[in-house]
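Asks: Residues per chain are reported as follows:
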Amino acid sequence: MDERTFARLAEEYAGRLYAVAYRMLGHRADAEDAVQRALTKCFAARATYSPRWAVSTWLYRALANVCIDELRRRRPSAPLTERHAGPPPRGSDRLELTRALEAVPREARLLLALHYVDGLSYRELAAVRGISVNTVKSQLARGKAIMKRALDGA
Amino acid sequence: MNELDTTLKDFFTPAAPPRLARRVLGRLTAAPDLSSLIARFAIEATDRGVRRLAYGRGHDDATRGGRRHLERAREELVEYLGGRRTFFTVPIDLELPAFQAKVLAAADRVPFGEVTSYAELARRIGHPRAARAVGNALGANPVPIFLPCHRIVRGDGTWGHYAFGAALKTRLLALERATPALVGSATTRVVCRHGCPHEQRIAEANRIVFASVADAAGVGYRPCRHCRPVAEGC
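Heads up: the protein sequence lines correspond to chains A and B, in order. Counting in this note's numbering, the first sequence runs from 1 upward without gaps. Counting in this note's numbering, the second sequence runs from 1 upward without gaps.
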């Protein structure tokens with residue numbers, strides 16, 4: 001993959017990568033940093049990219065790896081919601097959803113974000129995280145159930 | 001599509017800051033790799049393990065029985081500086097005053113990629129008012145990096161002093177920040193600590209990073225029996 005193709009891909013995917021990172025990390029600067037690190041990694045490894053892989057799987061896997069590693073470093077008590085000054089949420093619904101998402105375990109949260117940001121199928125999600133399709137289904141169902149419970153209880 | 005799906009789809013709609021891709025592409029840089037610094041380190045080893053690590057001065061020195069420890073220490077150090085290792089297995093041979101031994105043992109428990117403050121470390125060893133003494137004990141660490149005193153920073157967020165210089169402390173912390181600690185293989189579904197021989201054989205395309213062993217187990221990965229990743233990342 002040459003540099004120009006990579007730049008075009010980065011332009012095309014940056015928004016979606018950022019959305020996934022933001023919902024995982026809950027902080028704009030961290031999300032941008034995660035996108036930066038994931039794209040840097042892919043850029044360095046672009047020579048080894050194999051076309052038998054979907055580009056989206058390749059990019060999302062790199063991003064997922066970066067986000068998950070970033071979450072490992074945080075203390076369990078660190079809140080997911082914006083910790084610094086930023087635009088306020090667009091309504092109480094969004095705030096409730098953000099809080100509900102905090103209660104979802106990391107792996108399920110990642111699958112939820114990938115599923116809803118880019119509409120990845122179960123099979124694609126399984127390829128991104130190196131897990132079975134059935135695990136994807138159970139994790140997604142678990143994540144959705146937690147969010148639904150949190151929203152109903154709110 | 002039910003109501004929850006619609007709500008979630010709307011919630012997850014991408015809204016990236018303007019010109020994000022252009023900004024990111026303009027900053028593409030290689031991952032930090034400090035392995036070229038290896039020539040500046042000098043290691044001393046005895047029959048029982050590594051006794052001293054010096055930077056910028058001195059020469060390697062080992063007793064007859066300590067040569068294997070020296071070679072292993074150098075190998076592991078190169079891998080660490082190149083971002084290919086997150087833990088050390090080479091034995092350490094130290095005879096230290098009880099307080100300093102306690103401080104260094106506590107520093108060794110700070111996980112790879114994380115930092116803590118002098119005051120917090122003092123609290124952890126049961127001497128909450130001894131932050132300065134903790135700093136002195138860390139400053140006299142005979143084997144920096146192997147016992148990671150660089151992960152202890154000042155409470156105000158600045159890095160503070162380091163036996164090998166503040167610049168190297170910054171570079172080591174940046175290196176650790178860019179290196180994942182737990183890596184799974186998508187083909188074998190085994191999760192290893194980064195640096196385990198089994199982990200080093202995982203192809204780039206099959207690497208899956210996990211935040212904890214529990215997360216990995218939750219999606220069907222088992223911990224490696226060789227490097228036994230239990231405490232790390234939990």
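Worth flagging that the hints you see were computed from the coordinates, not collected in a lab. These numbers come from a predicted model, not from an experiment. Hints are not guaranteed to be accurate.
Stretches of chain B that chain A covers, calculated by requiring three or more beta carbons in the stretch to come under 8 angstroms of a beta carbon on chain A [as the list claims (entries may be wrong)]:
(1) 6 to 16
(2) 176 to 183
(3) 202 to 208
(4) 211 to 218
Straight-line C-alpha distance at most 25 angstroms; calculated BS3-like pairs for lysine-lysine [stated by the list, open to error]:
(5) A:Lys148 - A:Lys137
(6) B:Lys102 - A:Lys148
(7) B:Lys9 - A:Lys144
(8) B:Lys9 - A:Lys137
Here a beta-carbon is modelled for each residue, glycine too, at the ideal position from N, C-alpha and C.
Asks: Hint by hint, note whether the structure agrees.
Replies: Structure-based check of all given hints:
1. 6 to 16: holds (count 9)
2. 176 to 183: holds (count 5)
3. 202 to 208: Satisfied; 5 residues make the cut.
4. 211 to 218: holds (count 4)
5. A:Lys148 - A:Lys137: 16 angstroms, holds
6. B:Lys102 - A:Lys148: 47 angstroms, violated
7. B:Lys9 - A:Lys144: Given that 25 angstroms is the threshold and the Cα spacing comes to 12 angstroms, the pair holds.
8. B:Lys9 - A:Lys137: Since the Cα atoms of lysine 9 of chain B and lysine 137 of chain A sit roughly 17 angstroms apart, the hinted pair holds (cutoff 25 angstroms).
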